[in-house]
Each structure stands twice: as C-alpha cells, then as structure tokens.
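*Asks:* From just these sequences and the hints, can you work out the full model?
Residue numbers (my numbering), protein chains in the order written: chain A, 32 to 508; chain B, 355 to 860.
Misleading hints may appear alongside valid ones.
Pairwise CB distance ranges (calculated) [unchecked claim]:
1. A/P351 with B/R659: 56 to 64 angstroms
2. A/Q498 with B/L398: 52 to 60 angstroms
3. A/L494 with B/F567: 33 to 41 angstroms
4. A/Y185 with B/E387: 18 to 26 angstroms
5. A/Q433 with B/S416: 40 to 48 angstroms
6. B/G418 with A/P351: 38 to 46 angstroms
7. A/G383 with B/R659: 45 to 53 angstroms
8. A/L476 with B/R391: 23 to 31 angstroms
9. B/L419 with A/A440: 35 to 43 angstroms
10. B/F852 with A/P351: 43 to 51 angstroms
11. A/D138 with B/L398: 51 to 59 angstroms
12. B/R391 with A/T51: 53 to 61 angstroms
Away from chain A, derived, C-beta distances all over 12 angstroms, residues of chain B [what the hints assert, rightly or not]:
13. F383
14. T394
15. L463
16. V527
17. A572
18. I655
The hints are simulated quantities; they were obtained by calculation from the structure and are not laboratory data. Each residue gets a CB set at the ideal place from its N, CA and C atoms; glycine is no exception.
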Amino acid sequence: MNDALLSLVTPLVAALIVLTGPAMTPRRASVVVLLGSALSFVAALLALQSVTTSGATQTLNLGGWEDGLAIRLRLSPLSALLLAFTALIHLLAGLYARFSRFTSGDDFWVLSAFLHTALAALWLSADLFNLYITLELIGLAAVAMVALSGPKAYQAAADYLLLSLAASMIYLLGVVFLYSEYHTLDVIQLGTVSADSARTRLALALITAGLMLKGALWPLHLWLPAAHAGAPAAVSALLSAVVVKGPLFILWLAWTEVAPADLAREVGPMVATAGMIALVAGGWAAMRSPYIKVLVAYSTVAQLGYALMALGLLMSWQIPQMHIALWLFVIAHGLAKASLFMAAGEMQGTLGTRRLTGLRGATQTVPIAMFAFAVAGGSLIGLPPSGGFLAKWVLLEPILSQPQNWPWAFGILLGTLVSAAYIFRVVVLAFDRATINPPDTRPYLMGHWLALLPALIVWGMALLGEQLIGLLAGGGV
Amino acid sequence: MILVQMMRWTSLLPVLIILSSLIPALLIFATPENAARRRTILNLGGIVIKLCLVLLMLLGVSQGLRFRFEVDFLPGASLVLQGDALSLQFVTLSSILWLATTIYAIGYLQKSQLKSRFFGYFSLCVSATVGIALSGNLITFLLFFELLTLATFPLVVHRGTDAALKAGRLYLVYTLAGGTLLLMGVALLHSITGTSDFVPGGYVSGAVEENRFALMAAFALMIVGLGVKAALFPLHGWLPRAMVAPAPVSALLHAVAVVKAGAFGIIRVVYDVFGVETGIALGLTPVLMLAAALTILYGSIQALRQTDIKRRLAFSTVSQVSYITLGVAMAGPTAAIGAVVHLVHQGLMKITLFFCAGNMAETLGIHRIQEMDGLGKRMPLTMSAFTVGALGMIGVPPIAGFFSKWYLGLGALESGNDAMLAVLIGSSILNAMYFMPLIYRGWFAQPPTAGWPEDNFKKSRFETHWMMLLPPLFTALLSLLAGIFAGSLASPLGWTEFIISQEFAL
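*Replies:* This is the structure in structure tokens:
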C-alpha cells in the first residue's frame with residue numbers, strides 16, 4: 032500500500048514543486064514532472080508486485096478512522112495495474128511533449144501532474160463520494176489542458192467544461208439517492224446491502240448516465256471529437272488514453288460491486304448493445320471524417336465500444352473472463368491511442384494541414400510517424416500479436432463457446448472491419464506517390480520516434496499476455 | 355549434455371530461418387537510398403544464410419529429427435514453430451524462389467526510386483511466408499498470415515499511382531476481411547477443441563458428436579478466410595487487379611507468397627487440423643471439391659478472354675492454384691500427392707512465366723498478346739523459358755506440371771470422383787487454348803515491321819539485363835529438372851510422397 036501511496040503522491044509533489052519552485056522555466060518544469068512520472072511508475076510497479084505476491088486486496092483507512100467514516104483507499108491487482116498504466120502513459124506523453132517540436136503550452140506540465148494525481152486517486156478510491164471528487168478534479172484538469180491549444184480551442188473547452196459539470200451533477204444526484212437509501216457510500220459496504228428497489232434503480236440510472244456522458248460512451252459521446260481533436264497532441268493522447276477510462280472504472284465498480292447481481296444481469300445486454308452500436312457508429316464516423324485528428328478521436332468512441340461490450344457481457348453473464356477482456360482493452364487502447372494522437376500531431380504539424388488529404392505521400396515525407404500510425408492502428412484493428420488482439424481474443428472465447436451468443440461475435444467482426452477501414456484509409460493515402468503533399472518544415476525525427484514508442488509497447492504486450500491475464504484473473508477487487 | 359545441446363539446436367533452427375530474412379528486412383529499411391551495394395549484400399547475404407539453414411533442416415528432417423520452438427502467448431495456445439516434412443516443402447520453395455526473385459528485382463528496379471522500402475518489405479514478405487510454412491499451430495499460422503497481408507500491401511501499391519492505390523484498397527478489403535473471418539474460425543475452433551499442434555489426421559475428431567454444427571461453421575469460416583488468398587472463386591477479385599504491381603511482386607504474389615499461403619493453409623486445415631476422415635464425416639470435402647472445380651474452370655475460361663499477357667497469367671493462377679485445393683478435397687493419398695507437389699510445380703512454372711512477361715514489358719514494352727509476334731527472334735532465351743513454363747502448365751511431359759496432373763487424375767479415379775477427371779481434362783484443354791497462341795506467335799509469327807513499342811537494354815550483351823534473364827532461365831530449368839528427376843527423393847515429387855506417407859500413415 033505504501034508503494035501505491037508513493038505512486039499517488041509523487042506527481043502531486045512534482046506539481047507543487049513546479050508551482051512554487053523558484054525560477055521555474057518550462058524546461059525545468061518538464062524535468063521535474065518527468066522525474067515524478069518515472070518515480071510514480073516505479074512505485075506502481077512495486078505496488079503491483081506486492082499486491083500480486085500477497086494475493087489479497089489491501090485497504091487503508093486514511094487517518095485511522097473506522098469504516099464508513101474514513102476515506103478508504105483500496106489497492107487491488109487491477110488498481111495497481113491501472114496506476115502503472117497511468118504513470119506509463121504520462122511518462123510517454125511527457126517525453127513526447129518535452130522533445131517534440133510542437134509545443135503543448137507551458138502550463139502543460141503542472142496540469143498533467145495534477146491530472147496524474149487525480150487519476151491515481153481515482154483508481155485507489157473505494158467510496159462513491161471520493162470518486163466524485165476525483166472525477167471533478169480530472170474534469171477540471173482536462174478542460175484546462177484542452178484550452179492549452181489557445182483561443183481556437185476555447186469553444187471546445189467551454190463545451191467540455193459545461194458537459195463535464197452537468198455529468199458530475201447527474202452522477203452526484205445518483206450518489207445522493209444511494210446514500211438516502213443505504214446510509215453509506217463505501218463501495219464494499221454497499222455491495223453487501225444493496226437490493227433491487229425503485230430508488231436503487233433510479234440512482235444507478237443517474238450514475239450510469241452521468242458516467243457515460245463523462246466517459247463519452249455511446250450515445251453520449253458527442254462532445255468528445257471536438258475536445259480531443261482540438262487539444263495539443265500530447266494532451267489528446269492523455270485524454271483518450273487515460274482520462275475517459277476513469278468514468279469507465281467507476282461504471283464498472285457501480286455495476287459489478289454496488290448493483291445487485293440480478294439487476295446487473297438485466298441491464299447487461301443493453302450496455303453490451305450500446306457497445307456494439309458504438310463500435311460501428313463510431314467507426315463509421317471515423318471513416319467519414321475529413322480531418323486527421325477527428326478521425327482518431329472518433330476511433331476512441333468506437334474502441335470504447337469494445338470496453339462497453341465487455342462490461343455489458345460481464346454484467347449479464349458474470350464470468351471473470353469478460354473482466355479480463357475489459358481491462359486488456361483499456362490498456363491496449365490507451366497505448367495505441369497515445370501513439371496515434373502523437374503521430375497525428377507530428378504529421379499535421381510537419382505537413383501543415385489538418386486534413387486527411389494532406390497525408391498523401393506521407394510514407395515518404397514523414398515515414399516514421401506514418402509507421403507509428405499504422406502500427407498503433409494495427410493494434411486497434413486487433414491484428415496479432417498486438418495488445419488489441421489479445422483483448423479481442425479473450426473477449427471472443429466465451430462468446431464463441433455458446434452458439435446462442437454468436438450474434439455478439441458478429442458485432443466484433445463488424446467492429447474489426449470498420450476499424451480496419453478507417454486505419455487503412457489513412458495508410459493507403461500515405462502510399463500515394465503521384466500527388467505528394469510536401470512538408471512545410473523538415474521533419475524533426477525525435478518526436479516521430481517518440482510517437483512510435485507506445486505503439487511498440489502495445490505490440491510487446493503480447494509477450495506479457497499470460498502474465499497480464501493471470502493478474503486480472505483474480506476478478507479485480 | 356549433448357542431448358541438451360541438440361535440443362537447443364533443433365528448437366532454435368526454425369527461429370533462425372525466419373530471422374535470416376527478418377533482420378535483413380529491418381536493416382534494409384535503415385539503408386540509405388543510394389547505398390545499392392549495401393542493400394544487395396544484405397539481400398543476398400540473408401538468402402545465402404537462409405538457404406544453408408534450410409538445407410540443414412532438410413537433412414535433419416529426412417533423418418527423422420524434430421524441430422520445434424515454443425513460446426507462451428495466449429492461454430492454451432502458445433506460439434509454435436516446427437519443421438516437418440510439409441512445412442519444409444513450402445520453406446524450400448519460398449527460399450529458392452526468393453533468391454531468383456531478388457536477383458530479378460534488383461535488375462528490374464535499377465532505375466526506380468524507394469528501393470530500400472521496396473526491398474525491406476520484400477524481405478519482410480518472405481519472412482512472413484516462411485513463418486506461415488513453419489507455423490506449428492493455427493494461432494501461429496494466423497499471426498504470420500496477417501503479417502503477410504501487411505507486408506505485401508506496400509509492394510502492391512509500390513508505384514503509388516491512382517491505379518495502384520485502387521488495387522491496393524481492393525487487396526486490403528479482400529485480405530483483411532478474409533483474415534478476420536479466419537480469426538473467427540480459429541477462435542471458434544479454439545473454444546471447442548483448444549489449439550494443439552498440427553498433427554497428421556487432425557485433432558478435432560473427438561468433438562464431432564457434440565459440436566457438429568460449430569465445427570462446420572469453423573471450417574467454413576477458415577476456408578473462406580484462406581480462400582481469399584488462395585483466390586477461390588468468387589473470392590478471387592483482388593488477384594487480377596493486383597497486377598498493377600511491379601513484375602517481381604506479381605511473380606512473388608502468384609508463385610510463392612500470397613496465393614500459396616492460402617493454398618498451404620487449406621492443406622493444413624484439411625489434413626492437420628480436421629483430418630481427412632473428419633472432413634468426410636462432416637460432409638465438408640465435397641463442398642470444397644466443388645468450389646475448387648468451379649474455380650478451375652472459371653479461371654481458365656476467364657484467362658481465355660484476356661488480351662493482356664499479365665492478366666491472362668493472373669487468371670491462369672486462379673485456375674492452377676485451385677488444383678491444389680481440388681487435390682486436397684478429393685481426400686485420397688494419390689490426389690494428395692498431386693496437390694502437395696503442385697504447390698511446388700505451379701510455383702516454379704508460374705514464376706518463370708511472370709519473369710518472362712516482365713522481361714517482355716521492360717525490354718520491348720510488350721503488354722498485349724498480339725504484340726508478341728516474332729518475339730523469339732529478338733529474345734530467344736526469354737521465349738524459351740516462357741515456352742517451358744507454358745507447356746508445363748498445360749501438362750506436357752517431362753515438365754513438372756505433367757506429374758501434378760497425372761497424380762491428380764489418378765487420385766480422382768482412385769477416390770471415385772470420375773467427374774473431377776473430366777474437369778482436369780477440360781481444364782488442360784483450356785490451358786492449351788490460352789497458352790498455345792502465345793507460343794505460336796512468339797516463335798512462328800513475323801515480327802512487327804514498325805518495330806517494337808520500346809527497345810531497351812540494347813547495349814547489354816544479352817537480349818535483356820542479365821539479372822532479369824538469369825532468374826527465368828534458372829526457374830525454367832528447375833521445372834524441367836523437377837519433372838525429369840521426379841523419381842528421386844531429392845525431387846519435389848519424391849519428397850511429397852514422403853510427406854503423404856506420413857499424413858495418411860501408409
């Protein structure tokens with residue numbers, strides 16, 4: 032548990048140093064924050080090691096108060112894994128922001144460190160109110176980061192802020208209903224007392240709606256493309272890779288721990304259907320988008336469909352394999368999407384256009400960034416042996432083993448084809464040699480290589496496949 | 355101690371064979387455009403090493419050694435590479451033809467740009483093909499199958515023109531959809547029976563009683579997925595269109611890499627996953643046989659209608675590759691010999707034809723059949739190689755193609771599929787109808803009085819650049835030798851009989 036706390040505190044300390052430290056140039060700030068992320072990553076790995084060797088979930092009541100009163104933190108193999116994942120993404124995005132030619136804004140460093148802290152707190156919380164606080168912090172940091180792009184992103188940032196606040200309010204309302212019914216907000220306690228009642232149903236509906244809005248889960252995703260496409264590349268990477276996963280985590284807690292199992296079974300198919308529609312509709316929108324970053328942003332909507340589908344099937348069938356699939360998707364998507372956004376940022380910066388058609392001949396003008404895009408895209412499609420393939424495989428197995436479940440497999444098939452369509456739409460353009468779009472500036476290769484790094488990591492996930500599955504097999508919490 | 359050493363050696367060899375082209379591929383990507391000599395050394399060095407390693411493995415397998423490498427991947431399905439007699443058949447074919455094609459490509463692409471990219475993907479493509487050959491189970495096969503799609507795409511669109519991009523898009527639509535269906539099939543089968551190594555006779559027979567329908571669905575998904583690459587009718591649409599690729603790519607696509615990967619996959623699925631007996635019990639092989647017979651006739655008739663040389667060759671591939679599927683589906687040992695040996699024979703003959711077509715186009719600008727008039731006077735060596743390849747395709751002894759057809763025909767009678775004998779004879783007549791005019795025009799018609807559309811390589815000592823002349827002569831010679839020495843174990847036919855004796859436990 033101490034390691035996990037260390038992983039939580041280091042980015043906070045880094046942020047405070049950046050805010051209060053004397054003569055803090057952006058360059059120094061970047062060093063401090065990057066060191067903080069690296070330390071946090073190491074601490075998270077140690078926490079992961081300790082929680083897997085002890086084999087049990089560890090809890091800690093802050094200040095030593097008794098259950099129900101205290102702020103309770105909980106470290107499970109899953110939360111340790113997510114801590115490590117978040118720190119890794121922050122490290123990769125930070126490295127990119129530091130070395131890329133295209134600036135992410137001077138305030139990127141302190142905001143990203145705050146965001147990191149809030150996310151770490153979210154993974155460790157086991158209390159619905161506590162989770163609300165972390166959700167608000169994440170939302171505020173994320174909105175500020177979208178605005179780093181300058182005046183042209185203010186509109187998107189303002190919309191994001193309003194929606195985010197509204198979503199939080201809806202969520203909070205649901206939490207209040209739950210409290211009035213059960214007089215506790217502790218997730219573990221709620222799980223033992225919750226029963227199927229009208230008020231519980233209403234509360235869960237509100238919580239779900241709020242979280243789906245915040246997490247841009249279909250059909251409440253409409254704000255995402257503008258916000259994610261408008262932000263600087265490093266910020267988009269963070270937003271798509273980790274930020275939208277926060278609400279998903281709470282949603283998962285609400286339906287697997289808080290909600291009574293029968294109710295979850297009833298609602299599960301609806302959630303899974305939403306996921307299936309998200310896959311196809313999001314993919315379709317990505318396929319039609321004329322802008323590079325909007326395409327990538329819609330692909331997030333589509334890919335979250337996989338996660339939603341896994342969650343829905345987990346709820347309705349209550350089998351642990353879906354749990355594994357869900358979190359494998361989250362991690363694989365995070366890494367791949369970080370790479371995609373960075374590559375997209377590099378390409379549109381170098382080629383001087385936001386339009387997809389500007390990518391003609393990109394395999395010659397920006398070969399490494401384009402390669403990163405294709406490699407990361409391969410994981411989104413689920414080509415073996417990438418992390419995306421691993422997740423899809425785990426999701427497919429229980430679906431295929433019963434003929435009556437095969438319609439869901441059809442959804443996955445469609446999703447795969449649509450993802451392939453929008454990724455290769457870009458790749459084919461890049462091979463155009465007849466009408467090459469010449470770059471505005473000489474490509475600055477460091478940023479391109481750093482964009483490739485997360486993509487290589489996600490393909491390397493396959494080597495750890497057995498370990499990751501074993502880690503998540505415990506059922507999470 | 356020696357035993358441990360041996361085990362290590364035998365498990366490393368399959369990996370080394372793949373790495374011997376994968377590492378050069380990565381190094382070639384990093385090679386500057388104008389460092390032609392470094393690129394050539396990397397290319398040829400990789401091939402020489404690979405050929406030595408393959409030879410070593412051939413010797414090992416014929417002595418009864420087992421080569422197997424395994425690393426954890428998915429639960430219940432590790433990545434397995436293994437060298438058995440069947441995989442070696444394909445590995446040897448691709449390594450030798452890779453040698454020929456690389457030399458050809460170096461000559462062919464001398465004046466073009468982006469050579470590092472081209473040869474990088476070229477080597478990657480061969481690594482994927484060899485990986486397919488050495489795959490020890492379906493998961494590993496799937497992995498390399500998808501890698502092959504990705505590695506060949508940049509080659510297909512190498513010219514980067516609108517037509518090339520269009521063909522590339524079509525190629526991706528077909529192959530990625532096929533790959534997804536294959537994945538579904540593999541996953542479905544895995545959920546029923548688990549994934550074990552390929553074994554002669556298959557490993558699903560225990561599940562037939564309970565999961566009849568699911569097994570049939572898995573088989574259908576896999577065959578459709580593989581059938582896209584094997585250009586089974588009606589999944590062949592991408593193949594003629596992919597002809598816009600440079601000639602060495604077409605040669606590789608048609609003779610070794612893509613269509614053969616599909617055909618090889620069908621062999622594996624029918625023999626080593628389902629097993630012939632299960633295939634019959636589930637009623638699957640007749641359907642496959644029908645699809646193959648249809649494709650053979652359809653491809654031949656379409657070939658007859660083409661006026662462009664490369665397109666005629668492309669449809670001829672559609673037809674000829676289905677001989678392999680047909681032989682597999684007839685489910686008897688003799689037909690199986692015909693099928694497996696045709697994998698090699700068709701490769702040798704078809705690559706010769708494509709090399710020759712490329713020579714005609716590059717040297718004299720000949721693309722259409724009627725432009726071939728009198729070619730034998732200007733390019734006698736190319737025309738001779740072309741003739742050997744074409745006659746082999748028709749099935750004239752002693753060229754290799756004859757032996758494929760002979761065993762397929764015998765197999766049709768032996769397995770009681772007399773109708774298939776008619777298909778074979780009909781297709782041979784069609785083959786003759788679409789190849790004889792080319793041979794006739796080349797040797798006996800008068801050269802055009804207005805001269806050739808182009809006339810390059812006039813300063814060359816030979817009729818064309820020597821690096822483009824040598825490969826077709828080499829492969830034509832091989833297809834002759836494979837026929838003449840068909841009786842020895844060192845020939846493809848001899849080796850195939852060795853394979854089939856294992857598959858059918860004769």
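*Asks:* Look at each hint and say if it fits the structure.
*Replies:* Hint check results:
Checked against the given bound of 56 to 64 angstroms, the beta carbons of A/P351 and B/R659, roughly 58 angstroms apart, stay inside it. Checking the proposed 52 to 60 angstroms range against A/Q498 and B/L398 shows it is violated: the Cβ atoms sit about 41 angstroms from each other. Between A/L494 and B/F567, the C-beta spacing of about 36 angstroms keeps the proposed range 33 to 41 angstroms intact. Distance hint check: the CB atoms of A/Y185 and B/E387 are about 45 angstroms apart, inconsistent with the given range 18 to 26 angstroms.
In this structure the supplied range 40 to 48 angstroms holds for A/Q433 paired with B/S416, their Cβ-Cβ distance being about 46 angstroms. As the Cβ distance of B/G418 to A/P351 is approximately 45 angstroms, the hint placing it in 38 to 46 angstroms holds. Checked against the given bound of 45 to 53 angstroms, the beta carbons of A/G383 and B/R659, roughly 48 angstroms apart, stay inside it. A C-beta distance of roughly 25 angstroms is found between A/L476 and B/R391, which places it inside the suggested range of 23 to 31 angstroms.
Checked against the hint of 35 to 43 angstroms, the C-beta distance between B/L419 and A/A440 comes to roughly 41 angstroms, which is consistent with it. Checked against the hint of 43 to 51 angstroms, the C-beta distance between B/F852 and A/P351 comes to roughly 47 angstroms, which is consistent with it. Checked against the hint of 51 to 59 angstroms, the C-beta distance between A/D138 and B/L398 comes to roughly 55 angstroms, which is consistent with it. For B/R391 and A/T51, the Cβ-Cβ distance of about 60 angstroms falls inside the hinted range of 53 to 61 angstroms, so the restraint holds.
Annotated as non-interface, B/F383 brings its C-beta within 12 angstroms of a C-beta of chain A; the closest such distance is 9 angstroms. The Cβ of B/T394 lies farther than 12 angstroms from every Cβ of chain A, with a closest approach of about 22 angstroms, so its non-interface assignment holds. Once the 12 angstroms rule is applied to beta carbons, B/L463 is consistent with being away from chain A; the minimum gap is 14 angstroms. Not every beta carbon of chain A lies more than 12 angstroms from that of B/V527, the smallest distance being close to 8 angstroms; the non-interface claim is violated.
Not every CB of chain A lies more than 12 angstroms from the CB of B/A572, the least distance being 9 angstroms, so the non-interface label is violated. At the 12 angstroms boundary, the C-beta of B/I655 stays outside the reach of chain A, the nearest C-beta of that chain being 32 angstroms off.
Comparing the model with each numbered hint stated earlier shows that hints 2, 4, 13, 16, 17 do not hold.
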